[in-house]
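What follows is the residue order along each chain.
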Amino acid sequence: MNFHGRTKPHLRLTINGVTREFLVAPTTTLLELVRSKLGLTGAKRGCDDGNCGACTMLIDGAAVKTCIVLALQVQGREVVTIEGLGSPQQLHPLQQAFLDHFASQCGYCTPGMILTAKALLDEYPNATEHDIRDALHGTICRCTGYVKIVEAIEAARDSRV
Amino acid sequence: MISSSPLAMTAFDYLQPATVQECAEMLAHYGSSASVLAGGTDLVVQLQHRAMRPRVVIGLERIVELRYLEPDNDGGVSIGAMTLLRDVKEASVLSNGLSLIRQGVTQVSCVQIRNMATLGGNSCNASPSADTVPPLIAAGATVRIVGRKGERSLPLEDFFLAPGKTALKVGELLHGFAVPPPLPRTAGVYCKHAIRGPFDLAIVGIAAKVTLDERDRVRSARIVMAAVGPTPLRARKAEVLLTGQVPTEALIVEAGRTAADEARPISDQRASAEYRRSMVEVWTRSALRNALYDARRAAA
Amino acid sequence: MKRGSADLSIIGTSVPRVDAVNKVLGRTKYVADLQLEFPELLHAAVLRSPHAHARVLTLDTSRAERLPGVTAVVTGKDCPKTIAWTTQRILAEEEVIWAGEGVAAVVADTPEIAADALELIQVRYEKLPAVFDAEEAAKKEPPTVVDRNLGRHPGGPQFAPEFPNVTGSYELHTGNLEQGFANADVIVENRYSTGRISQSQLEPAACIARCEPDGKLTIWTNGQGVHIIKGMLSDLFSLSHSKVHVISPYQGGSFGNRIRYHQAEALAALLALRTKVTVALTFSRREMYLGSPGGLPIITRVRTGAKRDGTIVAQDLDVLVNNGASYACQQDGRAAGSGAICVYRQPNVSMRTRGVNTNTPWAGAYRGLGSPQVTWAVESQMDILAARLGMSVVDIRLKNILNRGERNAYGEMVESIGAARCVEAVAKAIRIDEPSVHEAGPWRRGKGLAVGGKQNTPRGRSEATVLVHDDASIEVRFGSDEVGNGAETVMTQIAAEEFRVPGQTVRVVRGDSATTPYDTYSASSFTTYNTGNAVRLACREAIGIIRRAAAPLLQSGEHDLEVADGCVGIRGVPGSGLQISDLFKPFSLFKDERLPELRKGTPIIGHGIFAPSPPVAWDKKNGQTPKMWNWYQYNACAVEIAVNVETGEIKILKAAVAADMGFPINPKLCEGQMEGGLAMAIGTSVMEEFLYRDGVMINPSFGDYRIPTVSETPTRENVAILFAPDPLPDGPWGAKGIAEGSVLAVGPAIGNALYNATAVRVYDLPLSAERVLAALKASAPPVAA
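Residue numbers (this note's numbering), protein chains in the order written: chain A, 1 to 161; chain B, 1 to 300; chain C, 1 to 785.
Bound-form chain A, shown alone:
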């Protein structure tokens, strides 16, 4: 399907389990689509070039930096944002662990961190500290020094046993 002229192509995406349809300008990133059109502001922008990871969401279960993904690129795929995890009454084990282990200070990197960790533990339920450090390598935190983030992820890993 090709679109000529300044039309807004049609996009269908499943976001947090709900399939939605949009008309998007091609220049729209997945990050801005989710924030603007759905008001899901958990994913953040922290940098200019896909470095910090605060924009991380899961696409078909894989962690992806969405500030550098055009929304139209991921036509038909399944996206999970932090809002798709847990609720105030029932936090996801990773969210509970971040809470219990003080792994969040300013909170800006927290959604990206949690989703990156979720993708890791979903694929490697027995991830070691080394695996966790590898998985988090591209998601930056400036407040915590990472110690309690790793601790929280290990606790979440252990709580699933």
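Hints were generated in silico from the structure; no laboratory data involved.
Quick reminder that beta carbons are idealized off the backbone N, C-alpha and C, glycines included.
Be careful, since some hints might not be right.
Stated by the list, open to error - Chain C residues, not near chain B, derived (Cβ > 12 angstroms throughout):
| no. | residue |
| --- | --- |
| 1 | Asn22 |
| 2 | Arg66 |
| 3 | Glu112 |
| 4 | Glu119 |
| 5 | Arg124 |
| 6 | Gly215 |
| 7 | Asp235 |
| 8 | Lys243 |
| 9 | Ile384 |
| 10 | Arg459 |
| 11 | Gly503 |
| 12 | Glu646 |
| 13 | Gly695 |
Stated by the list, open to error - Which residues of chain A face chain C? A few of them, derived with a C-beta cut under 10 angstroms, are:
| no. | residue |
| --- | --- |
| 14 | Asp48 |
| 15 | Cys52 |
| 16 | Ser87 |
| 17 | Tyr108 |
| 18 | Tyr124 |
| 19 | Pro125 |
| 20 | Cys143 |
Since the structure of chain A is provided, determine the placement of chains B and C on it from the hints.
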């Protein structure tokens, strides 16, 4: 609409061809006013900074023909341009003499980038510091290029003309890579020098591939350097130095020095030219030592 | 109920952060997240100078103004003149003085149109000579004058007019320096420097400014100090305080960056007032480096004399602070210099501090306010002396660290100093006396330690309001910041402790200039101390009202009553309590009762004001004063590192950090500050620096300005966090602050470990791989021919 960024792309149309043929038609039609989108991890950044202002972006995500990673009849491996780096990283067919290709891919950035970035995109972006490229060149890879009028292939080391510029002509598309079967007693290593490991762009990248003969002499060697020239560079003099010789530590040290002389680094925000040159020497030695160690232990 | 520390119910306990649930759910709103609430929102973008110093010859905005979708274009001539105590400008006018300074701003329907408009603005510059080196700039005849407006404001700060780029200076002279050096058995003199750094907090600067039809200005911002910003905007735009409303939602880190005065809020406000609509201004990451205040490069020249037994007998220091193009908060370098005064006994010391302008992006408050940079120098000296004297690195420090009750070189009485126990704790944790185990290959291991102190500025006053609602729930209102520091949690704990209730009974309302009482900002680690003390006072006033209301009902004197668990009762008489909620009588439409005083629907309000005792002006001749600063926090760090002698890379294998924070109100929050500070300081010590070409920063991105990822920090089991608190008499339960301490000693600990590993000393931070390799090569013995 909300915006968390003052960075804003210029407008473009987005096309999603379903086949290679359809894509080739589009490329011929739009010429230089089109940009090709593979994983987007380089292009979308360039679009946001307005370094690229295409009228049209052609997204390759629908072209399943470009996603393949399979052994060839001759024992080599063919890898499609749209193969994700994370899939190359896990490919068990790239083992033994071809495992250096996985080493290169593993040291690209981080898991989120590897989940979107593609092997073809990394080459077509033609950054001199690309990590996937030196191992492929060292392994002797060729690229398969398709256009409206047919196909051609080219050694990968001839694919890069200048930073950001490849040998693709208007209307052509990179289809994939063909990696020849490695000779027996071949091993390769990719060493990336960067302060923050994979996260950083390479200050220097060294791929070293060696093949030993039955008497443990170097039958052939390839040393390919990233980030020390406008394109990936072969350290041919260092290779010649090693060929036919018993690889002693002294010879390895000399090969390192020779490779450093062959490098053409510049100074930029990541490192000075002088430091890069020193690192070529250090990491060529290290890569050779490790490759030779693996080659000696490799099954005949 | 006794009030000894053993009977604390919630203070000293690691209660979960009160804002954590929303943060892990991703529900917390930061400024840019609020944009959806303004359908009429327009977007701003800023055009920035590509030159470090240039005259603006022509500036033509007409094509930009004509672009459809553009509402306004403003330039320097549209900006109000700056206020007296700073020379910072909102936008440049005839001259740009750093690469990145704003010259024009546009407001447009979309960010795309705003970016298009910037490209249509035509500027012609004439490049002028520039000065980047602080020592060159500080000369009597520097290569150029950076800020021509410096010193021309009435009531402006101290400055030295014959040095046109020097923004201010301070001198301290104690004892007899000459005599001191004459008595020294060993003298060591060196020059140390640190690089330009950036806080690089994750959330970029963002504002939404709205001008109401009646001219009132409302601004949502992640800048710090809603009342400070309100005051600044009122002055700048000649609006009365009641016409300016500043709200700060949750802030994504700061580390000092958000104390930024003009660059974001003032510009957003200007654009909103001009266009009469709602304008969003958000910085890119690049703009955070070029246009928001980073951390100061400091050159410290120091000459230290010691006796054979390790006693420091003389120290002569020159501290030169590079403010960038326009100073923000360190015009005279005094705060930085305090790092050299607050730890050790110095009978004979001479210290000169100066601030200087250069044509680089302006610098301001960065975690530690210059103390870490000066500690880099002082603590390197201590290790050099120890080596010369054959003393242990621990003993030489313990010998000289001040004790409580002594006076430091300023003349201040030392009230609280846990530095010695911090040193002992980290030395033990890292086993400093056991040499590192060496391994084959290019990595050499070594250990090092250091200690430092950070002043606290006695600034203004903090107020707090505490409301007790008719259901006995408690609401605390305060005006400082939640940048991740945990202020909301600490204030919750304080109120919960005062009222003796569970934390869940307390709610916090913060950061709104219309509804939360006056406070400054969360800086200088003083929120627990200033705001915390104000909250305590407010709680006590509210408790007093409860006791007064209950006394007649309990037939008791009010001072015999106490409050706990939502009840008020007679002390020592169990079962005598009344429910606080029962004290609130129902509202009656028909009766007019003056008593009792408490009614449903009208909360009890307690108000507290806390102001630290102000500094005492220092003697102009010798710089001495019994009160220069308020209290000091202390921190020690010991590390084991590995250095690659072929590449110059440094890896931090193990780290121990010990803090004297007075008293840990919430131990886990304290640990978080210490772990975070360690990582941040690893970055600034080993891999972070601004790199320039012709004064233009060439690495303004997270890709090239290297802040640590998890991989650059030690693994979990290799980080030891230790507490060595020494209570502060007027801190809440003895608490001081902790936020800045943990960046103080990391750099010198690493530098000392580098020396321990390689016998090579580097005097300049960061200890980048290139710098370390060059130093190793320079000191290597020549290879035999």
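Hints, verified against the model:
Asn22 (chain C), annotated as away from the interface, keeps every beta carbon of chain B farther than 12 angstroms; the closest lies near 19 angstroms. At roughly 19 angstroms, the least C-beta separation between Arg66 (chain C) and chain B is larger than 12 angstroms, which holds for a residue marked as non-interface. At roughly 4 angstroms from the closest C-beta of chain B, the C-beta of Glu112 (chain C) falls inside 12 angstroms, breaking its exclusion from the interface. Listed as outside the interface, Glu119 (chain C) is inconsistent with that label: its C-beta sits roughly 8 angstroms from the nearest C-beta of chain B, within the 12 angstroms cut-off.
Here Arg124 (chain C) stays apart from chain B, with its beta-carbon at least about 22 angstroms from theirs, past the 12 angstroms limit. The claim that Gly215 (chain C) lies off the interface holds: its Cβ sits roughly 26 angstroms from the closest Cβ of chain B, which is beyond the 12 angstroms cut-off. A cut-off of 12 angstroms between C-beta atoms confirms that Asp235 (chain C) is not in contact with chain B; the least separation is 27 angstroms. The beta carbon of Lys243 (chain C) sits about 27 angstroms from the closest Cβ of chain B, which is more than 12 angstroms, so the claim that it is off the interface holds.
Every CB of chain B lies more than 12 angstroms from the CB of Ile384 (chain C), the least distance being 27 angstroms, so the non-interface label holds. Separation of Arg459 (chain C) from chain B is adequate, the least Cβ-Cβ distance of about 32 angstroms exceeding the 12 angstroms criterion. Even its closest Cβ contact with chain B, about 33 angstroms, leaves Gly503 (chain C) beyond 12 angstroms, as expected for a residue assigned away from the interface. For Glu646 (chain C), the shortest C-beta to C-beta distance to chain B comes to about 5 angstroms, within the 12 angstroms cut-off, and the non-interface label is violated.
For Gly695 (chain C), the shortest C-beta to C-beta distance to chain B comes to about 14 angstroms, beyond the 12 angstroms cut-off, and the non-interface label holds. With a least beta-carbon distance of about 4 angstroms to chain C, the hint placing Asp48 (chain A) at the interface is held under the 10 angstroms criterion. Taking 10 angstroms as the C-beta cut-off, the interface hint given for Cys52 (chain A) holds, the closest approach to chain C being about 5 angstroms. Interface restraint check: Ser87 (chain A) against chain C, minimum CB-CB distance 8 angstroms, threshold 10 angstroms, status holds.
Taken as an interface hint, Tyr108 (chain A) checks out: its beta carbon lies about 3 angstroms from the nearest beta carbon of chain C, inside 10 angstroms. Annotation: interface hint on Tyr124 (chain A) violated; nearest CB of chain C at approximately 16 angstroms, more than 10 angstroms. Proximity of Pro125 (chain A) to chain C is violated relative to the hint, the smallest CB-CB distance being about 19 angstroms (cut-off 10 angstroms). The beta carbon of Cys143 (chain A) is positioned within 10 angstroms of a beta carbon in chain C (closest approach about 5 angstroms), and the interface hint is therefore held.
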